[in-house]
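Colleague: Take a look at the letters that make up each chain.
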Amino acid sequence: MIAIELDRVSRDFTTPDGRSYRALDEVSLSVEEGSFVAIVGPSGCGKSTLLNMAAGLLTPSSGVVRINGEPLSGINHRATYMFQQDALLPWKTVRENVALGLILRGVAKADALRRADAWLSRVDLSAFGSHYPSQLSGGMRKRVVMAQNWIIDRGILLMDEPFSALDVHTRQRMEIELLGLWEGSGRKTVVFVTHDLEEAIALADEVVVLSAGPATHIVARHQVTLDRPRALMELRTAPAFIDLYGAIWAVLREEVIKSQQAVGHGRS
Amino acid sequence: MADRSDATIRRPVVLFWQVAVGVAVLTLWQLLVSWKILDAFFVSRPSDIAQRIAQWMTTGTLWGHLASTLEESLLGLVVGAALGIALGFWFGRSPLLASVFDPYIKMLNAIPRVVLAPLFLLWFGLGIWSKVALAVTLVFFVMFFSTYQGVRDADRVLIDNVRMLGASERQLVRHVLIPSALTWIFSSLQTSLGFAMVGAVVGEYLGSTRGLGYVISQAEGTFDTTGVFAGMTVLGVVVVVVSAGVTRLEKWLLRWKA
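The listed protein sequences derive, respectively, from chains L and U.
In terms of my numbering, the first sequence opens at residue 1 and continues consecutively.
In terms of my numbering, the second sequence opens at residue 1 and continues consecutively.
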């Protein structure tokens, strides 16, 4: 079954000086239920725009987004969204943040907090339930966000460069943790946006390469045939990984160069 | 961490110098008057002022005046804050409303409140309500602008995240917009409280039969500079004590901040 279907979706924005800017141009993409799709592309190519439309936070200028076959209108309540920036409520404690989705759904507070505690122990943060987010490190906050998203058990996970602000080692740890959760919880559908090709290959079943903007479109789709569960610490030096990296980078490289040239022209 | 330990080391030092500055100024003042460099008729002297305050306290005349000033300030704070927060919230959620009323709000805020005092006396009488009204006009704008700012400044990502987690419009207001605005509101509590007292005292000064403003104005009417300074001193001490309380309250309310 197709979990997410973008059907010839375009999105235009109005620039501050009043001109129209086409961010995405007739992008069509279907994501199978239970698959892990990574979207890569040069910076500013509209990766987040695409994800925001799948989330229902943005409406397409033309085209249709379908979730489980039904056209999406308003917020996509079958999905959770992990943002690049910090999205925890700073005035709520860690456990209140994790319990938030349940409380919004009307679950009794005591029950919601108890379930939040269970999730906190799954992400190794039992000792930090009554801390405030500002008292945690960046990696810990990301784990809280994962618990916050997973606790409401939606079928689709949208992730917008969730680990890009972390240092390399913390980032790798989060990737391992993410795959562990994903493999251990009935394989939800994941769309993972990143600008890091290594991360994309290491995590996903399929890597979708977007062109440089404006009028971004899909330039290539690559299946990642590496076995699961994957040993992320060793994976990056495996020959199959390196071959795949070379093949996808050959495509992505062109787009990165184009986007850099566009920026150069814009400045001169 | 470094900042925190610095602060604990400094606290007694700061306290020492705070007291030292006060003592130095009072001593200098006292000496200048006894050396006849300054005339006690115009500037009184610290020992007389202290005596006057002690006398007010022992005879009990002070408490009634103080109570009515505090009552007016508190009422002004509560009413002004309620109106300011409600309207600030409403305008913050409706950009159209905010742009339409923007020039009017600015015009009203530009009116010097002393000019309003006689009008309020006329409208609300000599009792506490004319003073409360004056305090309200001051507190309202501080609260209005902070709330408005707080609602407009609410982090886009927090809003999107909570909506993705399933929040309805009402839940969004409750879990994100109100707490976000509260941080701004709490941070302006100190200013608002000071303004509330200014409003109350100015109101009493211009026409009343009770309160610290009344005491000061009576003293001025008889060229009793000691009374004027004593009134101002009491007012100053009250503000320092109350604002220390507000600081602690603020710290507790905003305890989630790093």
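Do not rely on the hints blindly, as some may be mistaken.
Unchecked claim - In silico BS3-like cross-links for lysine-lysine, where the CA-CA straight-line distance does not exceed 25 Å: (1) L:K109 with U:K257; (2) L:K92 with L:K109; (3) L:K92 with U:K257; (4) U:K251 with L:K92.
Honestly, the hints are just simulated from the structure, not real lab data.
Colleague: Compare the structure with each hint and give your call.
Modeller: Outcome of the hint check:
1. L:K109 with U:K257: 24 Å, holds
2. L:K92 with L:K109: The given pair, whose Cα atoms are some 13 Å apart, holds under the 25 Å limit.
3. L:K92 with U:K257: 10 Å, holds
4. U:K251 with L:K92: 15 Å, holds
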